[in-house]
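There are 2 protein chains.
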Amino acid sequence: MEKNTKLEKFSVEKQTDRGENLPDLYWNLGIPQKGEKLVIHPPKILETRVVFESRKLKVIEQDLEFSNGYRETWEYVELKSKGGVQVMPLKSDGKVVMVREYRGAAQRYVLRFPTGSLEGEESPEQAALRELREETGYTARRLHLLKEQRSSSTYFRGVFSIYLALDLEFVGCRRDLGECDMEVLELPLEEVFGMALRLEIESPQTVYSILMLHHYQQQRKSFL
Amino acid sequence: MEKNTKLEKFSVEKQTDRGENLPDLYWNLGIPQKGEKLVIHPPKILETRVVFESRKLKVIEQDLEFSNGYRETWEYVELKSKGGVQVMPLKSDGKVVMVREYRGAAQRYVLRFPTGSLEGEESPEQAALRELREETGYTARRLHLLKEQRSSSTYFRGVFSIYLALDLEFVGCRRDLGECDMEVLELPLEEVFGMALRLEIESPQTVYSILMLHHYQQQRKSFL
Chain A
1 MEKNTKLEKF SVEKQTDRGE NLPDLYWNLG IPQKGEKLVI HPPKILETRV
51 VFESRKLKVI EQDLEFSNGY RETWEYVELK SKGGVQVMPL KSDGKVVMVR
101 EYRGAAQRYV LRFPTGSLEG EESPEQAALR ELREETGYTA RRLHLLKEQR
151 SSSTYFRGVF SIYLALDLEF VGCRRDLGEC DMEVLELPLE EVFGMALRLE
201 IESPQTVYSI LMLHHYQQQR KSFL
Chain C
1 MEKNTKLEKF SVEKQTDRGE NLPDLYWNLG IPQKGEKLVI HPPKILETRV
51 VFESRKLKVI EQDLEFSNGY RETWEYVELK SKGGVQVMPL KSDGKVVMVR
101 EYRGAAQRYV LRFPTGSLEG EESPEQAALR ELREETGYTA RRLHLLKEQR
151 SSSTYFRGVF SIYLALDLEF VGCRRDLGEC DMEVLELPLE EVFGMALRLE
201 IESPQTVYSI LMLHHYQQQR KSFL
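As you go down the protein sequences, you meet chains A and C in turn.
Okay, so the first sequence: first residue is 1 according to the numbering used here, each after it adds one.
Okay, so the second sequence: first residue is 1 according to the numbering used here, each after it adds one.
If we strip away everything but chain A, and leave its shape as in the complex, we get (with noise of 0.2 Å):
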């Protein structure tokens, strides 16, 4: 039995700096038995306020009021995009299509799958293909949803439709001139999951989607 058991209560160190006088809190610490039933209580949204906005960001406040009354105040950036697309191109004889380029955020280069924001009034199928072509020169006929990603990060908010692109046929690059040093790389999809589980590839996103492909080819192999 572990000390931090589902009945054992905390009782809470006052961690406010305000001088507030606040009730004593307690925490449940404990384990969710199977099959058990979260019992969670999101914070209420009690104000959301647009305080930056620029070419392609907003920054917003939000007044959030906690459970137990606590209120907080929290900032998140928002993409002014209606959303970005990941797509992951895997050609018929098993080997994934990436690219390599340089990231300002990063101050570096990474590995990663074709990516972008939707454009104008495009739907999201329609900007995967377009920064399908773009990044890769590739073109796909066949075009599956894997998922829709909420942004889990903490300031970051966003939706991000991540694509599985098939039946590839090669047309010809076209790209943005900013993305002139791109690479683009072909390698076989098992090598990749070895690389993600290796950790040969940096970036969180794109081990979750190499995870993504992997557990998508091993689930049903009849989509190939």
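It is possible that part of the hints are untrue.
Claimed, not checked - Calculated lysine to any residue pairs in the SDA-like style (CA-CA distance at most 20 Å, straight line):
no.	chain 1	residue 1	chain 2	residue 2
1	A	K56	C	V51
2	A	K80	C	E61
3	C	K58	A	L79
4	A	K58	C	E78
These are calculated hints, taken from the structure and not from any lab test.
Starting from the structure of chain A, add chain C where the hints point.
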């Protein structure tokens, strides 16, 4: 032989909608051969400006010049804290300690490792021990830096130190008031690794960290 071999080059259609008269540009779409060194040309940073600053965030604009002479302004967001920490607490019985917490940017609860920002003048190690104590009630007698991760996200920059915490002792919880609904879970590492491979954990950063922990355990059983 793939169509997009090392030697084939493609003329690129003009992507600018500003009507600029640009020279024809050529891209290398090569797949690097084994052992071949990549020739990469990071863009020159011409100017960096802070365009917004709040309690926790800065929005930065950066003028870049790519190796083909093309200039572009990029935006990204930087945390004002000196860095973030993530702690992976591994108990001697092979269980990892995780938390389930509400994240404002995701607008839902996520399963993750104790995580936070450096406060005041504290070192990453001090922040790691503080977050571990606050969020799980554990202290650790051994702390190993597994990785210093620079964000590879397109729009977010930050340094994130990832620690392995060993020789744990439960001493009781001490939490921020906004963390009242956080739940502590203790799960066998092998089970957590399986959850990651089966895509039962949604946060890419958490999945990446689980792979890292599993990889290290495979590589050096001795560290337990």
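Here's how the hints hold up against the structure:
no., hint, verdict
1, A/K56 x C/V51, "13 Å, holds"
2, A/K80 x C/E61, "16 Å, holds"
3, C/K58 x A/L79, "15 Å, holds"
4, A/K58 x C/E78, "14 Å, holds"
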